[in-house]
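Novice: Sequence:
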Amino acid sequence: LDYETYSSPLTFTMFASDGSNQTVATFTMSILDANEYAPVFESQSFTVPENSEAGTQIGDFVATDQDNDPISFAFVTNLDTDGDGTAAFRIENNTLVVNDAGDLNFEAGASMDVTVTASDGERTTDAVISVGLTDVNEAPSLIVTGFSLPEESIIDTIVGVLSATDEDGDALSFSIVNN
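Heads up, the sequence shown is in our numbering, so the first residue is 1 and it goes up one at a time.
Honestly, the hints are just simulated from the structure, not real lab data.
There may be inaccurate statements among the hints.
Unchecked claim - Here are the in silico distance ranges between beta carbons for each label pair:
hint, residue 1, residue 2, range
1, Asp-126, Thr-23, 54 to 62 Å
2, Gly-160, Val-128, 20 to 28 Å
3, Asn-137, Asp-82, 39 to 47 Å
4, Asp-84, Pro-9, 19 to 27 Å
5, Ile-143, Ala-87, 29 to 37 Å
6, Thr-124, Ser-17, 25 to 33 Å
7, Val-128, Thr-86, 42 to 50 Å
8, Glu-122, Thr-23, 39 to 47 Å
9, Pro-49, Asp-84, 51 to 59 Å
10, Asn-68, Asn-137, 41 to 49 Å
11, Met-14, Asn-94, 17 to 25 Å
12, Ala-110, Pro-140, 16 to 24 Å
13, Gly-146, Pro-49, 47 to 55 Å
Every residue, glycine too, gets a C-beta built ideally from N, C-alpha and C.
Work out the full structure: start from the sequences and follow the hints.
Specialist: Set out below in structure tokens:
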């Protein structure tokens, strides 16, 4: 008997006879539900801009359970690409959320894969969820060294060194805005 087919109690009538007398009894029987099915993940992937702030909601996990059991989600594997000890993502209810903006670096990798488990309390299913990162144009970094000038220096005396890098690979230019 299948609970999903017979979720209402079944009623039976029983007869007992000794050949001349008969007794009738009615009873009901409930079929207890067994957890026969593991949750099933829908195919899904998400996209988020690199460097998104902690707390940014990325998307909702979707899984179904044929037994209609409530489903919870947890990480099997998470990432910490910047090595600071803080995982890139967290799960709030059924939602994937940015946990560490420093881990979301497009230049280091255009996508990140995490493994998530869906559990109905007894059975689990794992799925690899891909999070695509969209590139954001970041400001270049500038290193200034030196910048001292002896009195009465001649024209074209080197007074310091500027060094700049751009993680996005954009061409750089320098200008003096105040003198």
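Novice: Report the numbers of all earlier hints that the structure fails to satisfy, in ascending order.
Specialist: 2, 3, 4, 6, 7, 9, 11, 13
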